[in-house]
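Order-wise, the sequence lines are chains A and B.
Every position in the first sequence, counted from 1, becomes a number in our numbering once 6 is added.
Every position in the second sequence, counted from 1, becomes a number in our numbering once 6 is added.
Any given hint might turn out to be false.
Since the list gives no way to pick one copy over another, a pair counts as held whenever it fits inside one copy or between any two copies.
To be verified - Here are the simulated DSSO-like cross-link-like pairs (lysine-lysine), alpha carbons at most 30 Å apart as the crow flies: (1) K177 x K111; (2) K177 x K45; (3) K66 x K127; (4) K153 x K45; (5) K127 x K111.
Simulated from the structure, these hints should not be mistaken for lab results.
All of these numbers come straight from a predicted model, not from anything done at the bench.
Protein chains: 2
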Amino acid sequence: MVFGEVPDIVVGRLPIYLRALSHMAAAGQEITSSHELGKKLGISSAQIRKDLSHFGEFGKQGTGYRISHLQEQIKRILKVDREWDVALVGVGNLGHAVARYAGFKDRGFHITLLFDNDPAKIGARIGHLEVLDSALLKETLVAKHVKVVMISVPASAAQQVADMCAEAGVKAILNYAPISLTVPDAVKVQHLDPVAYLQRMTYYL
Amino acid sequence: MVFGEVPDIVVGRLPIYLRALSHMAAAGQEITSSHELGKKLGISSAQIRKDLSHFGEFGKQGTGYRISHLQEQIKRILKVDREWDVALVGVGNLGHAVARYAGFKDRGFHITLLFDNDPAKIGARIGHLEVLDSALLKETLVAKHVKVVMISVPASAAQQVADMCAEAGVKAILNYAPISLTVPDAVKVQHLDPVAYLQRMTYYL
DNA sequence: TAGATTGTTAATCGATTAACAATC
DNA sequence: TAGATTGTTAATCGATTAACAATC
Numbered sequence: 007m008v009f010g011e012v013p014d015i016v017v018g019r020l021p022i023y024l025r026a027l028s029h030m031a032a033a034g035q036e037i038t039s040s041h042e043l044g045k046k047l048g049i050s051s052a053q054i055r056k057d058l059s060h061f062g063e064f065g066k067q068g069t070g071y072r073i074s075h076l077q078e079q080i081k082r083i084l085k086v087d088r089e090w091d092v093a094l095v096g097v098g099n100l101g102h103a104v105a106r107y108a109g110f111k112d113r114g115f116h117i118t119l120l121f122d123n124d125p126a127k128i129g130a131r132i133g134h135l136e137v138l139d140s141a142l143l144k145e146t147l148v149a150k151h152v153k154v155v156m157i158s159v160p161a162s163a164a165q166q167v168a169d170m171c172a173e174a175g176v177k178a179i180l181n182y183a184p185i186s187l188t189v190p191d192a193v194k195v196q197h198l199d200p201v202a203y204l205q206r207m208t209y210y211l
Numbered sequence: 007m008v009f010g011e012v013p014d015i016v017v018g019r020l021p022i023y024l025r026a027l028s029h030m031a032a033a034g035q036e037i038t039s040s041h042e043l044g045k046k047l048g049i050s051s052a053q054i055r056k057d058l059s060h061f062g063e064f065g066k067q068g069t070g071y072r073i074s075h076l077q078e079q080i081k082r083i084l085k086v087d088r089e090w091d092v093a094l095v096g097v098g099n100l101g102h103a104v105a106r107y108a109g110f111k112d113r114g115f116h117i118t119l120l121f122d123n124d125p126a127k128i129g130a131r132i133g134h135l136e137v138l139d140s141a142l143l144k145e146t147l148v149a150k151h152v153k154v155v156m157i158s159v160p161a162s163a164a165q166q167v168a169d170m171c172a173e174a175g176v177k178a179i180l181n182y183a184p185i186s187l188t189v190p191d192a193v194k195v196q197h198l199d200p201v202a203y204l205q206r207m208t209y210y211l
C-alpha cells in the first residue's frame with residue numbers, strides 16, 4: 007500500500023530479501039511464499055508481507071510470489087535495476103581485495119575508480135583499473151558524477167576522505183575503516199566493522 | 007539497572023561506543039559525557055545513558071564518564087577483556103586480506119587458524135600461519151576449543167562450513183559470504199555483506 | 001554555591017505480530 | 001470446491017525520548 011515514509015529498518019531488510027530470492031532463483035525455483043522466505047531468513051512471514059506492503063502488492067493469494075517478479079520489483083525499489091559507478095579510496099590489503107571482488111557487478115555496482123595517496127601504489131593497475139592519486143579525488147568524483155564511494159583507508163584518514171566525498175556530491179559512503187564517520191544529513195553512511203560484529207557476539211558467550 | 011534480558015540492539019551498540027571511546031583515548035582525552043559521545047555517533051544522549059544503565063553505573067553526575075574506566079567496563083561486558091582465538095575459513099582474495107588485517111588483535115581477537123580446501127593454497131603461509139586443509143576443520147576446531155569463526159568462502163560453500171562449525175561447538179560466526187546462513191539457536195551469526203549495505207543506501211538516491 | 005550531568009521513570013513513539021477477510 | 005496465502009487492520013510489544021531528582 008505505498009508511499010512516503012518507509013522506515014529505514016524496512017529498507018534495510020529489502021537487500022536481504024533480494025539476496026535470498028537470488029539464491030532461490032539460482033537454484034531454479036520459481037515461486038516462493040512469505041512463510042518460506044521467512045523461515046529461510048529467521049523472520050516472521052507477517053513481517054515480510056508487511057514490509058513489502060509499503061511498496062505495493064507483489065504476490066497472489068493462495069500462491070505466493072513469483073520470484074523473478076519480486077526480484078525485479080525489489081531491484082527497482084532499491085534502485086539497483088541499473089548499475090552505479092563506485093569509487094574505492096584506499097587500496098591497501100583490504101581495499102585491494104575489495105577491488106578484485108567480483109560480487110559487486112551483478113548486484114548493481116561497478117567499481118570504476120581507485121584512489122590511494124601512497125606514491126608506491128599510484129599508477130599501479132588492479133585488474134584493468136589504474137590507481138589514481140587521492141589528490142585528484144574530489145575533482146574526479148565531481149567530473150564523473152560519482153554518487154557512491156567505498157572507503158578503505160586507515161581510520162586516521164577516513165574522516166578526511168569522507169569530508170572530501172561529501173563536498174564532491176557523493177551521497178552514499180560504505181566505510182570499511184573502524185571509525186564512526188560524521189557526514190552531512192544529505193549523505194548516507196554505512197559502517198562495515200568486522201570487529202564490532204564479533205564483539206557483539208562474544209557478549210553471549 | 008542491570009540484568010537478565012538486555013535487548014540485542016543495545017548489545018549491538020556497545021561495540022560502537024567502545025570504538026568511539028578508543029579513538030578519544032588515543033587522542034589523549036580522559037573524560038567524556040553522554041552528550042559528547044552521542045553527538046559524535048549521531049545517537050541521543052538519553053539513549054546512551056539508558057543503554058549503559060542496563061549494565062551498571064559507570065559515570066559521575068556533573069562530570070560524565072572517565073574514558074579509561076568506561077572502556078574497561080564495556081570490554082568486560084562484551085567479554086573482550088580477554089583474547090579470543092579465531093579460525094578463518096577460506097583464504098581467497100578477501101580471506102587473505104582478512105588474515106593479514108592487523109586490526110583484530112588489539113580489540114580482542116586473534117586469528118590462530120586458517121583453512122582452505124584448495125590444494126594450491128593448503129600448506130601455504132600467510133604471515134606466520136600455515137593454511138590447513140578444510141577437511142580437518144571440524145576436528146581441529148574441537149581440539150582447539152575454538153568458539154569464534156570467520157567464513158570467507160564462496161556463497162555456495164558457506165552453509166556447509168557453517169554446519170561443520172556448529173557441530174564443532176563454535177558459538178559465533180562472522181560470515182563474509184553473500185548468503186543468509188541458517189544455524190542452531192545456540193550459535194550466533196552476523197552477516198557482512200557490503201553489497202547489501204550499498205543497496206540499502208541507493209534506495210535514498 | 002552554581003552549573004553540569006548522571007541514572008531512572010514515565011510518556012511517547014514506532015515496529016512486530018496475530019488474526020482474518022479477500023481471493024487465487 | 002477446498003486449501004493456501006496474500007494484504008491489511010488492530011493489538012501487542014518493545015525501544016526511544018523527555019524530563020527531572022539526585023548529586024558531583
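Consistency of the hints with the structure:
For the homomeric pair K177 and K111, the shortest alpha-carbon distance inside one copy (19 Å) is at most 30 Å, but the shortest distance between copies (33 Å) is not. Proximity of K177 and K45 under a CA criterion of 30 Å is satisfied inter-copy only: 21 Å between copies versus 34 Å inside one chain copy. In this assembly of identical chains, K66 and K127 lie within 30 Å of each other by CA distance neither inside one copy nor across copies; the values are 54 Å within and 49 Å between. In this homomeric assembly, K153 and K45 come within 30 Å of each other (Cα to Cα) only across copies, at 26 Å, whereas the closest approach inside a single copy is 35 Å.
Within a single copy, K127 and K111 get their C-alpha atoms as close as 24 Å, and across copies as close as 26 Å, so both meet the 30 Å cut-off.
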